[in-house]
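A.B. asks: 0 is the number of the first residue of the sequence shown in numbering that gives the first Met the number 0; add one for each residue after it.
If you are wondering where the hints come from, they were derived from the structure by calculation, not from laboratory data.
Be aware that one or more of the hints could be misleading.
Keeping only pairs whose Cα atoms sit at most 27 Å apart, straight-line, the calculated DSSO-like set for lysine-lysine is [said to hold, decoys possible]:
id	residue 1	residue 2
1	Lys95	Lys1
2	Lys86	Lys30
3	Lys1	Lys30
Now the in silico label distances, taken between C-beta atoms and shown as ranges [said to hold, decoys possible]:
id	residue 1	residue 2	range
4	Arg49	Leu19	38 to 44 Å
5	Leu19	Gln99	34 to 40 Å
6	Gln99	Glu18	39 to 45 Å
7	Thr75	Asn9	20 to 26 Å
8	Phe83	Gly25	28 to 34 Å
Beta carbons: idealized from backbone N, C-alpha and C, even for Gly.
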Amino acid sequence: MKYDIRLPANDHLQRNITELLTRPVGRPSQKLVFRFKSFLYQAASWTMARRVVAKVEFHCGELFPRVGFIVTNLATSSQAMVRFYNKRGTAEQWIKESKQAVSMTRLSCHRFRGQRGAAVAERDRL
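Put together the whole structure using the sequences plus the hints.
C.D. replies: As structure tokens, this is what we get:
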């Protein structure tokens, strides 16, 4: 089973990426600056160490970088891993928006057939 799961930041994870958190030297870039690092990490509740991919983003005009951690067993590069994770998140966001927009989870017919199908079934029953 392949997986990629976002991890909340903690002191141990932050210590592994201290060299990535320093601002680039010189004038701030007008475009996003990304830095990636992959390392092994074992939480107290885990039976073994797992691969963690860290992504650090420096945004123009922001004082502090944005940091994210993803635990995975996929054997791709760090950049490819983050791209894959972000695409999955986008799809989940679309599903969430569609559920909220049209109330997909609140169907009026509990038999999973449309009103016309229900009327035809009722007519045939008589």
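A.B. asks: A separate judgement is required for each hint: does it hold in the structure or not?
C.D. replies: Evaluation of the provided hints:
no.	hint	result
1	Lys95 to Lys1	holds, 23 Å
2	Lys86 to Lys30	holds, 21 Å
3	Lys1 to Lys30	violated, 33 Å
4	Arg49 to Leu19: 38 to 44 Å	violated, 19 Å
5	Leu19 to Gln99: 34 to 40 Å	holds, 36 Å
6	Gln99 to Glu18: 39 to 45 Å	holds, 41 Å
7	Thr75 to Asn9: 20 to 26 Å	holds, 24 Å
8	Phe83 to Gly25: 28 to 34 Å	holds, 32 Å
Checked against the numbered hints given earlier, this structure breaks hints 3 and 4; the rest are met.
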